[in-house]
Amino acid sequence: DTEVTQTPKHLVMGMTNKKSLKCEQHMGHRAMYWYKQKAKKPPELMFVYSYEKLSINESVPSRFSPECPNSSLLNLHLHALQPEDSALYLCASSQLPGSEAFFGQGTRLTVV
Amino acid sequence: GENVEQHPSTLSVQEGDSAVIKCTYSDSASNYFPWYKQELGKGPQLIIDIRSNVGEKKDQRIAVTLNKTAKHFSLHITETQPEDSAVYFCAASDQGAQKLVFGQGTRLTINP
Chain A
1 DTEVTQTPKH
11 LVMGMTNKKS
21 LKCEQHMGHR
31 AMYWYKQKAK
41 KPPELMFVYS
51 YEKLSINESV
61 PSRFSPECPN
71 SSLLNLHLHA
81 LQPEDSALYL
91 CASSQLPGSE
101 AFFGQGTRLT
111 VV
Chain B
1 GENVEQHPST
11 LSVQEGDSAV
21 IKCTYSDSAS
31 NYFPWYKQEL
41 GKGPQLIIDI
51 RSNVGEKKDQ
61 RIAVTLNKTA
71 KHFSLHITET
81 QPEDSAVYFC
91 AASDQGAQKL
101 VFGQGTRLTI
111 NP
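Note that the protein sequences, when read in sequence, are chains A and B.
Each step along the first sequence adds one to the number in the working numbering, with nothing skipped, and position 6 is 6.
Each step along the second sequence adds one to the number in the working numbering, with nothing skipped, and position 11 is 11.
If you are wondering where the hints come from, they were derived from the structure by calculation, not from laboratory data.
Ideal placement from N, C-alpha and C gives every residue a C-beta, glycine not left out.
Careful, some of the hints might be misleading.
Reference listing, derived: stretches of chain B covered by chain A, where coverage requires no fewer than 3 residues with Cβ under 8 Å from a Cβ of chain A [stated by the list, open to error]:
1) 45-59
2) 86-97
3) 102-111
Capping the alpha-carbon separation at 30 Å, the derived lysine-lysine pairs in DSS-like fashion look like this [claimed, not checked]:
4) B:K58 - B:K71
5) A:K18 - A:K53
6) B:K42 - A:K40
7) B:K68 - A:K22
8) B:K22 - A:K38
9) B:K58 - A:K40
10) A:K22 - A:K53
11) B:K57 - B:K37
12) B:K58 - B:K22
13) A:K19 - A:K9
14) B:K58 - B:K42
15) B:K71 - A:K41
16) B:K37 - B:K68
17) B:K42 - A:K53
18) A:K22 - B:K57
19) B:K22 - A:K22
20) B:K57 - A:K41
21) A:K22 - A:K38
22) A:K41 - A:K9
23) B:K58 - A:K41
24) A:K53 - A:K41
25) B:K57 - B:K71
26) A:K19 - A:K53
27) B:K58 - B:K37
28) B:K57 - A:K40
29) A:K40 - B:K37
30) A:K40 - A:K22
31) A:K9 - A:K40
32) B:K22 - B:K57
33) B:K42 - A:K9
34) B:K58 - B:K68
35) B:K37 - A:K38
36) B:K71 - A:K40
37) B:K42 - A:K19
38) A:K19 - A:K40
39) B:K42 - A:K18
40) B:K57 - B:K68
Bound-form chain A, shown alone (with noise of 0.2 Å):
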């Protein structure tokens, strides 16, 4: 079972708003990761969690702001988010960092 799963699926959020998105993964793989894919372009890296501590942060705005509750969730915390922000927010897990990574599905984020 090599399966990251994502919630939710699509986001609709005011600049006002602050939302909550939701990875899970039942692997023990000790890394994750949330990258940023906008139209047409490759996924770009925000952080990296390894043994559930912050290990990488991309200079990612405070807006974004992520959470590692345990080994098996992952949250990405939005607050005050700009339109240019709306996105393909992508989770992924490997077993160690930098090891061969699998995605979720994403969560496609409109900010209005």
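Chain A is already provided as a structure; the job is to place chain B on it using the hints.
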């Protein structure tokens, strides 16, 4: 940091023919090279990968080759089928850096 160049950006082949996508990387410390297939509305799917201690790897109709000296690696798809139509991304990783760096993607279209 690592930079990955991918060519071509679009590729159209007749069903049954072969398709080749090429990538170059800049960081000689990179040692892991996965390929992902992304269909419309879905997350990237890992299809094959290769590590720097191997020159070639094959899985049914898909093969990847790696030339460490020239810092390039290629994806070969033989006997292409309509379901191979998708966007393909190469990536490179130095596991110490904990992250994948993606190429810009190739939109592959298989014409019946």
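| message | Need the list of violated hint numbers for this structure, in ascending order. | response | 7, 18 and 19
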